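Knowing the structure of chain S, use the given hints to seat chain C on it.
Number of protein chains: 2
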Amino acid sequence: MLTIDGMQYSNWSQKIFKQMREGDLDCVHVTIAYHETCLEALRNIVHWNRLFEQHSDLLCKVQSAADVLSAREQGKTGVVFGFQNCSPIEDDYSLVEVFHALGVRFMQLSYNNQSLLATGCYEEDDPGITRFGRQIIREMNRMGMVIDMSHSAELSTLEAIEFSERPIAITHANPAFFHPARRNKSDTVLKALGESGGMLGFSLYPFHLRNGSDCTLEDFCRMVGDTAEMVGIDHIGIGSDLCQDQPDSVVNWMRNGRWSKDTDYGEGSASNAGWPAQPDWFGNSTDYRNIVAGLENAGFSSDHIEKVMGKNWMSFFEKSFGPM
Amino acid sequence: MLTIDGMQYSNWSQKIFKQMREGDLDCVHVTIAYHETCLEALRNIVHWNRLFEQHSDLLCKVQSAADVLSAREQGKTGVVFGFQNCSPIEDDYSLVEVFHALGVRFMQLSYNNQSLLATGCYEEDDPGITRFGRQIIREMNRMGMVIDMSHSAELSTLEAIEFSERPIAITHANPAFFHPARRNKSDTVLKALGESGGMLGFSLYPFHLRNGSDCTLEDFCRMVGDTAEMVGIDHIGIGSDLCQDQPDSVVNWMRNGRWSKDTDYGEGSASNAGWPAQPDWFGNSTDYRNIVAGLENAGFSSDHIEKVMGKNWMSFFEKSFGPM
Numbered sequence: 071m072l073t074i075d076g077m078q079y080s081n082w083s084q085k086i087f088k089q090m091r092e093g094d095l096d097c098v099h100v101t102i103a104y105h106e107t108c109l110e111a112l113r114n115i116v117h118w119n120r121l122f123e124q125h126s127d128l129l130c131k132v133q134s135a136a137d138v139l140s141a142r143e144q145g146k147t148g149v150v151f152g153f154q155n156c157s158p159i160e161d162d163y164s165l166v167e168v169f170h171a172l173g174v175r176f177m178q179l180s181y182n183n184q185s186l187l188a189t190g191c192y193e194e195d196d197p198g199i200t201r202f203g204r205q206i207i208r209e210m211n212r213m214g215m216v217i218d219m220s221h222s223a224e225l226s227t228l229e230a231i232e233f234s235e236r237p238i239a240i241t242h243a244n245p246a247f248f249h250p251a252r253r254n255k256s257d258t259v260l261k262a263l264g265e266s267g268g269m270l271g272f273s274l275y276p277f278h279l280r281n282g283s284d285c286t287l288e289d290f291c292r293m294v295g296d297t298a299e300m301v302g303i304d305h306i307g308i309g310s311d312l313c314q315d316q317p318d319s320v321v322n323w324m325r326n327g328r329w330s331k332d333t334d335y336g337e338g339s340a341s342n343a344g345w346p347a348q349p350d351w352f353g354n355s356t357d358y359r360n361i362v363a364g365l366e367n368a369g370f371s372s373d374h375i376e377k378v379m380g381k382n383w384m385s386f387f388e389k390s391f392g393p394m
Numbered sequence: 071m072l073t074i075d076g077m078q079y080s081n082w083s084q085k086i087f088k089q090m091r092e093g094d095l096d097c098v099h100v101t102i103a104y105h106e107t108c109l110e111a112l113r114n115i116v117h118w119n120r121l122f123e124q125h126s127d128l129l130c131k132v133q134s135a136a137d138v139l140s141a142r143e144q145g146k147t148g149v150v151f152g153f154q155n156c157s158p159i160e161d162d163y164s165l166v167e168v169f170h171a172l173g174v175r176f177m178q179l180s181y182n183n184q185s186l187l188a189t190g191c192y193e194e195d196d197p198g199i200t201r202f203g204r205q206i207i208r209e210m211n212r213m214g215m216v217i218d219m220s221h222s223a224e225l226s227t228l229e230a231i232e233f234s235e236r237p238i239a240i241t242h243a244n245p246a247f248f249h250p251a252r253r254n255k256s257d258t259v260l261k262a263l264g265e266s267g268g269m270l271g272f273s274l275y276p277f278h279l280r281n282g283s284d285c286t287l288e289d290f291c292r293m294v295g296d297t298a299e300m301v302g303i304d305h306i307g308i309g310s311d312l313c314q315d316q317p318d319s320v321v322n323w324m325r326n327g328r329w330s331k332d333t334d335y336g337e338g339s340a341s342n343a344g345w346p347a348q349p350d351w352f353g354n355s356t357d358y359r360n361i362v363a364g365l366e367n368a369g370f371s372s373d374h375i376e377k378v379m380g381k382n383w384m385s386f387f388e389k390s391f392g393p394m
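Just so you know, the protein sequences line up as chains S and C, in that order.
Taking the numbering used here, I'd label the letters of the first sequence as residues 71 to 394.
Taking the numbering used here, I'd label the letters of the second sequence as residues 71 to 394.
Same shape as in the complex, but just chain S:
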């Protein structure tokens, strides 16, 4: 079964890459920048170039849907680059083209805060897409870089769907009807996403799950079914948000970047500042089979399971990664 994960951000190692192979993961969108500047993001790309070289038996770089099939044929896991913030393009629209050439295929218009393009879900008010944001949406559309609104606020997300001429993605979030976290998405957003041909990747990050780390596989699979009814079976996939083996310093960087002198705890709290424990049925890339089993038990057809586990992302990549 074609297996594609719409977002991971792990502390990459041979152990993890081997787990990806053991889990038959054909492709994963990996985050290569949160708050990095252009130069810092370039250095992260260079770091990945070294990983591809060192682990060429396990990995290859993916820039197109065809590359995913090639990875699968070679028994490797294809890696797609993405940014969880627009900081790498700084204030320069022309850097979209540069990063696309280097393989970046997803970019969030904001992380949790206001960006130069859009508003993050932790701001009090959301005025929608900015003037610069409209320029960037057009440029991302032109090049074939997917607009990802996983961390953005409601109006910004709805306007991104409206202003973009191509379908957008929410690579890693869940419906708010399942668990009303600030990062999860309203029915309004989900319906607009599905109607526009976009994709939602279901998150396995405990703060996005009902009952957190204790979320049951049954509840998760019921959510998948309920969402399929709302947005359509063709517009959902996995976007695990798996942050494996990361030290707490990394979640601190994700939340605070360089912007806050006070410590911001994001989805956590002062007494619960570190990484949450993963649900016991999804701890690493060998566990996609548990989700498949869960969906089978929940009564999904094999056709629908294939769509959720990878075919929908594949169709989305086919229409999204090339020039318009």
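Since the hints were made in silico from the structure, they are not lab data.
Careful, some of the hints might be misleading.
Intra- or inter-copy, both count: the list cannot distinguish identical chains.
[To be verified] Below, computed lysine to any residue pairings styled on SDA-like, alpha-carbon distance capped at 25 Å:
| # | residue 1 | residue 2 |
| --- | --- | --- |
| 1 | LYS331 | ASP161 |
| 2 | LYS331 | CYS108 |
| 3 | LYS131 | GLY295 |
| 4 | LYS131 | SER339 |
| 5 | LYS331 | ARG201 |
| 6 | LYS331 | ALA171 |
| 7 | LYS389 | ARG204 |
| 8 | LYS331 | PHE233 |
| 9 | LYS331 | LEU109 |
| 10 | LYS381 | ILE86 |
| 11 | LYS331 | THR107 |
| 12 | LYS88 | ASP373 |
| 13 | LYS331 | GLY214 |
| 14 | LYS331 | GLU106 |
| 15 | LYS88 | CYS130 |
| 16 | LYS331 | PRO237 |
| 17 | LYS131 | ASN281 |
| 18 | LYS331 | VAL116 |
| 19 | LYS131 | LEU172 |
| 20 | LYS331 | TYR163 |
| 21 | LYS389 | LEU72 |
| 22 | LYS131 | SER83 |
| 23 | LYS389 | GLY173 |
| 24 | LYS85 | TRP345 |
| 25 | LYS331 | SER164 |
| 26 | LYS331 | ASN211 |
Quick caveat, the model's predicted, so the values are computed rather than measured.
Okay, now just chain C, sitting in the frame of chain S:
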């Protein structure tokens, strides 16, 4: 008479520095960055270090109110650094302290667009000060860097006044009641500014003037009087926005930076894309005397003229440029 200009951005040359001396200009706040990154702004500071060295007979650097008096005693024009955007601090609150140490005493929280801190007056919607913006206001307050909202939108400006523990400035803009340009300020903003102990610098940039380049000195001085009645004679000064000898490429940079693939004409238009002509009574730094004469003719007392021409800025510098 102590003469201070709250903002100029000219194509600096010996000719201009000599005109400043001829016009007995004791101090000028100069813009050293619009859309520059941290490194680019550092290079602009380095460029000014060379100008101070090369023109040490005419200029000196000002970092405190005492430095202004020292410049005056030496018969030089003191120069205060400022940013018209927050781009030089990028996403890093700790750069406020760095740039303060290098002499930067004013920073706009936004230029015309949405910034990471606040909203510019050309955006459709203005959600006010962002999360990062609140951190930066506190840090600017701590160090003694003046919050300048000359180009910011209404709510962002009101919130900056509210959130800042120290008075803020609008270094170069006029009241909208005089001329309803997007860059000019509402009665609400002006009253809040005055009540909080802030300063307004009157602009001589034609797009901010009634009848543009044909604005009469009489109309300008009447506006000064009307504003004094509204906000108090102690809260107004000159902030000429003089952009002398600049090529049209510079106004294009100010308006477009690197953010827009389309050409943005700002306050101009496709058919009027370049710099507007200055009013004939204010073309360079020898012309402050014309404003003094105009205020005399308009019936201002000598005490009030001294306040408008420099004493108010001096008082503001005294309370603003040091640590809290």
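Taking the hints in turn, this is what the structure says about them:
Taking the shortest alpha-carbon separations for LYS331 and ASP161, both the intra-copy value of 23 Å and the inter-copy value of 12 Å come in at or below 25 Å. For the identical chains of this complex, LYS331 and CYS108 are neighbours both inside a copy (23 Å) and across copies (19 Å), given an alpha-carbon limit of 25 Å. For the homomeric pair LYS131 and GLY295, neither the shortest alpha-carbon distance inside one copy (32 Å) nor that between copies (67 Å) is at most 25 Å. When the C-alpha separation of LYS131 and SER339 is checked against a cutoff of 25 Å, the pair qualifies neither within a copy, at 37 Å, nor between copies, at 46 Å.
When the C-alpha separation of LYS331 and ARG201 is checked against a cutoff of 25 Å, the pair qualifies only between copies, where the shortest distance is 11 Å, while the shortest distance within a copy is 28 Å. For the identical chains of this complex, LYS331 and ALA171 are inter-copy neighbours only, at 18 Å across copies versus 35 Å inside a copy, given an alpha-carbon limit of 25 Å. Taking the shortest Cα distances, LYS389 and ARG204 sit within 25 Å of each other inside one copy (21 Å), while across copies they are farther apart (41 Å). Only between protomers do LYS331 and PHE233 lie at most 25 Å apart by alpha-carbon distance; the minimum there is 16 Å, versus 35 Å within a single protomer.
In the homo-oligomer, the alpha carbons of LYS331 and LEU109 lie at most 25 Å apart both inside one protomer (23 Å) and across protomers (22 Å), since each shortest distance falls under that limit. In the homo-oligomer, the alpha carbons of LYS381 and ILE86 lie at most 25 Å apart inside one protomer (23 Å), although the nearest pairing across protomers, at 67 Å, exceeds that limit. When the C-alpha separation of LYS331 and THR107 is checked against a cutoff of 25 Å, the pair qualifies both within a copy, at 19 Å, and between copies, at 21 Å. Neither within a single protomer nor between protomers do LYS88 and ASP373 lie at most 25 Å apart by alpha-carbon distance, with minima of 28 Å and 80 Å respectively.
Taking identical chains as interchangeable, the C-alpha atoms of LYS331 and GLY214 lie at most 25 Å apart only when they sit on different chains, with a minimum of 17 Å there against 37 Å within one chain. Within a single copy, LYS331 and GLU106 get their C-alpha atoms as close as 18 Å, and across copies as close as 23 Å, so both meet the 25 Å cut-off. With identical chains, the CA atoms of LYS88 and CYS130 are at most 25 Å apart within one copy only, with a shortest distance of 13 Å there and 64 Å across copies. With identical chains, the CA atoms of LYS331 and PRO237 are at most 25 Å apart between copies only, with a shortest distance of 22 Å across copies and 37 Å within one.
Neither within a single protomer nor between protomers do LYS131 and ASN281 lie at most 25 Å apart by alpha-carbon distance, with minima of 36 Å and 60 Å respectively. Proximity of LYS331 to VAL116 under the C-alpha cut-off of 25 Å is found in neither arrangement, the shortest distances being 30 Å within a copy and 28 Å between copies. Taking the closest pair of Cα atoms, LYS131 and LEU172 come within 25 Å of each other only inside a single copy of the chain (10 Å); across copies the shortest separation is 44 Å, beyond that limit. Proximity of LYS331 and TYR163 under a CA criterion of 25 Å is satisfied inter-copy only: 7 Å between copies versus 29 Å inside one chain copy.
In this homomeric assembly, LYS389 and LEU72 come within 25 Å of each other (Cα to Cα) only inside a single copy, at 17 Å, whereas the closest approach across copies is 66 Å. Within a single copy, LYS131 and SER83 get their C-alpha atoms as close as 16 Å, which meets the 25 Å cut-off; across copies the closest is 53 Å, which misses it. In this assembly of identical chains, LYS389 and GLY173 lie within 25 Å of each other by CA distance solely inside one copy; the values are 16 Å within and 52 Å between copies. Taking the shortest Cα distances, LYS85 and TRP345 sit within 25 Å of each other inside one copy (20 Å), while across copies they are farther apart (61 Å).
With identical chains, the CA atoms of LYS331 and SER164 are at most 25 Å apart between copies only, with a shortest distance of 8 Å across copies and 31 Å within one. For the homomeric pair LYS331 and ASN211, the shortest alpha-carbon distance between copies (14 Å) is at most 25 Å, but the shortest distance inside one copy (36 Å) is not.
The structure is inconsistent with the numbered hints 3, 4, 12, 17, 18, although it conforms to all the rest.
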